[in-house]
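Now for the letters of each chain:
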Amino acid sequence: MDILAFLIQGFAVAIEPQNLFLALVGCTIGTLIGALPGLGPVNGVALLIPLAFNFGLSPTAALILLVSVYYGTMYGGRISSIVLNIPGDEPAMMTTLDGYPMALKGRGGEALGLSAVASFVGATIATIGLTLFAPLLVGFAIRFGPAEYFALFMLAFATIGGVTSGSYTKSFIAACLGLLLGTVGLDPASGISRYTFGWYELYDGVDFIAALVGLFAISECLVFLEDTRRSNPVGQQLGSAVPGMKRARQCAPTIARGSLIGFIAGVLPGAGASLGSFLAYTLEKRWLGRKGDFGNGDPRGVAAPEAGNNAAAGGALIPMLSLGIPGSGTTAILLALLLSMNITPGPLLFDQQPDMVWGLVAALFIGNIMLLILNVPLVGLFARVLRAPTWLLMPVVMLVAFVGVYSLNNSAFDLYVMLAFGVLGYVLRKLEIPTVPVVLGLLLGGQMEFNLRRAMAISGGDWSILFGSGISIGIYVFAIALILAGMLYSWWLERSGER
Amino acid sequence: MISQESEKPSQPPALGDRIAGAVLAVLALAAWWYSHTFVTGFLQPVGPGVFPRLVCVPLGVLSIYLLCRPGINQRWPKGAVLLRQLGLLVLLGGYAGFLEPWGFLPSTLLCSVLLIRLFDASWRQALISGAVLTIVLYLLFEFALGIPLPDIPMLSD
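Protein chains in written order, with the working numbering: chain B, 1 to 499; chain U, 500 to 656.
The following block holds chain B by itself, in its conformation from the complex:
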């Protein structure tokens, strides 16, 4: 039982007072960010990265903080879905369908309690899955050479965004744009400057963090300006969250199915939490058929998507940690954090820094328990935060982004980069071009080119090396299969008219 030994070692790291404290802070901030409409996992975590840097945390501690925030947002998103009928973030969208009707019937507290338990079960199952499957994937990936890695990057780009955005053309365009932006700067192999046009600030490439904060946080503020007069009324009495705990026992089969579906959706590249909750809800609705009362406040309609999105969040960490290929927007941002700290995730990470990987996994187990405690007795406190006026919220977000990004390098140039990416992110959103592939291209482009060049150096310039091994061919076939599955899925969506 190697895994058990590693996990015990991980718990020793996770219960260090500093790490425990960071997990608690992360869970609390995450729940808050998730609860506030307009701030979701992606832009919340993006916003906090500069702060994590400025704290001068070790990579392990920074990762524990941000992943706790990530898990926390998944819990928090449901609060405004249920109370206000406004999803706190995208994965919580499905929770509005039955959560808000429950709140209208005065069972809001019950819905919050039930969804907290469902979130807990989903996230815990996913963390157990992470513990078991990540080492398996690592054992497989350790045999990868540069050509196989190149194939893996192709897989990531071929699949990300497609499933959720609907348009393959647009997500591929986004990925190419990101890859092209990723080549800006000094070429590491030859020292030649590419696309810098004499700006020495660009020699290190486009700053990941400034770009990310711009793409997600600043563009969100621009979207928000379109409608500043929306208010957040909190009307109904919530009632106690405790009956929800009992209800959770009745919903146990639903929660189990939702967790499993969400977990699988999370592990697959290009999917993520939104798809996890969507699939968990729709499949549960099918499964129950007439036995369910979905859309009118059926508790199972709250349990299924919440179990699904939390399980997907955990599942998405598997490819990020074991292969260095993120499966969702938020895990892409976590990858940016690691790359900026000069840590390359992948099979070697498990070998060289087991303390970090297993400390993180253990911290997730602990964080989940903290989140359950935060989200059942204290949920009323978080619901009150929803009354914060938007005229204060967005300026705070922008100023934190500004000061955070500025103090990374004490450079005003980074601020202009951030603003430019904010505008880019906004325009892309309007065009319905997904932004996550842009980020992935920017992040992974360097590695992808490096592996391509190494493969070509090994083969002496023979391109057929890229298709030379069973593994790489297998990966290409898998990529094509996933694309086809995605097409089939969007066809099914259109036909059933679910969304």
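Hints may contain errors.
[To be verified] Here are a few chain B residues that face chain U, going by a calculated C-beta distance under 8 Å:
1) Ser167
2) Leu392
3) Pro395
4) Phe402
5) Gly460
[Claimed, not checked] Which chain U residues face chain B? A few, computed with CB under 7 Å, are given here:
6) Ala519
7) Phe537
8) Leu561
9) Tyr564
10) Asn572
11) Gln573
12) Arg583
13) Ala595
14) Leu614
15) Asp619
[Claimed, not checked] Coverage of chain U stretches by chain B, computed from C-beta distances (three or more under 8 Å per stretch; other residues unrestricted):
16) 522 to 533
17) 586 to 593
18) 630 to 642
If you are wondering where the hints come from, they were derived from the structure by calculation, not from laboratory data.
All C-beta atoms in this analysis are idealised placements derived from N, C-alpha and C, irrespective of residue type, glycine included.
Model the placement of chain U on the given structure of chain B, informed by the hints.
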């Protein structure tokens, strides 16, 4: 290079995609052409220009496809909303420019007050919460995190 297409006012949906397709196709072509200036003295199987060119090909092809077969867009902003968004960008750009010459406290105070006003708060709310926000950020970064922020030039020697 990044934001030429940013301020297009309201257009019928497909037009946004066509403009984006055209801009991106030109970008791909320009990047392709420019990549030939990346020349190294020594020979490598894959030089510094190859990967950018490999990316430019699908980018160009897909952009032209988008130009010919546009999809759907969200509603583009216009009128007052667009003006406010531009105002936000000017304000933030100005803040980035004045942060160092003016120092953190005055520039942040001015920016936060105007920012809160831009989000439809009253002057009273904006002045009070802007001042509080500035002080909290200053204390957080300067003392809690120990990161020096730009000082006011006249006060620092």
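Here's how the hints hold up against the structure:
1. Given hint, B:Ser167 at the interface with chain U, holds; its Cβ is 5 Å from that chain's nearest Cβ, closer than 8 Å.
2. Restraint check, B:Leu392 versus chain U: the minimum CB separation of about 6 Å is within 8 Å; hint holds.
3. Interface restraint check: B:Pro395 against chain U, minimum CB-CB distance 4 Å, threshold 8 Å, status holds.
4. The criterion of a C-beta within 8 Å of any C-beta in chain U is met by B:Phe402, whose closest approach is roughly 7 Å, and the hint holds.
5. For the restraint placing B:Gly460 at the interface with chain U, the shortest Cβ-Cβ distance is roughly 6 Å, inside the 8 Å limit, so the hint holds.
6. For U:Ala519, the suggested interface contact is upheld, since its CB lies about 5 Å from the closest CB of chain B, less than 7 Å.
7. The interface hint given for U:Phe537 holds, since its Cβ lies 5 Å from the closest Cβ of chain B, which is under the 7 Å cut-off.
8. A hinted interface residue such as U:Leu561 counts as satisfied when its beta carbon comes closer than 7 Å to some beta carbon of chain B; here the least separation is about 5 Å, so the hint holds.
9. Taking 7 Å as the C-beta cut-off, the interface hint given for U:Tyr564 holds, the closest approach to chain B being about 6 Å.
10. About 6 Å separates the beta-carbon of U:Asn572 from the nearest beta-carbon of chain B, less than 7 Å, and the hint is met.
11. Annotation: U:Gln573 was flagged as interfacial toward chain B, and the flag holds, the nearest CB pair being 5 Å apart, inside 7 Å.
12. A hinted interface residue such as U:Arg583 counts as satisfied when its beta carbon comes closer than 7 Å to some beta carbon of chain B; here the least separation is about 5 Å, so the hint holds.
13. The criterion of a C-beta within 7 Å of any C-beta in chain B is met by U:Ala595, whose closest approach is roughly 4 Å, and the hint holds.
14. Restraint check, U:Leu614 versus chain B: the minimum CB separation of about 4 Å is within 7 Å; hint holds.
15. For U:Asp619, the interface hint holds, the least distance from its beta-carbon to any beta-carbon of chain B being 5 Å, beneath 7 Å.
16. Check on the region 522 to 533 of chain U: 5 of its residues sit with their Cβ under 8 Å from a Cβ of chain B, so the three-residue criterion for coverage holds.
17. Remark: the region 586 to 593 of chain U is confirmed as covered by chain B, as 4 of its residues place a Cβ nearer than 8 Å to a Cβ of that chain, reaching the required three.
18. Against chain B, the region 630 to 642 of chain U contributes 3 residues with a C-beta closer than 8 Å to a partner C-beta. That satisfies the three-residue criterion, and the hint holds.
Comparing the model with each numbered hint stated earlier shows that all of them hold.
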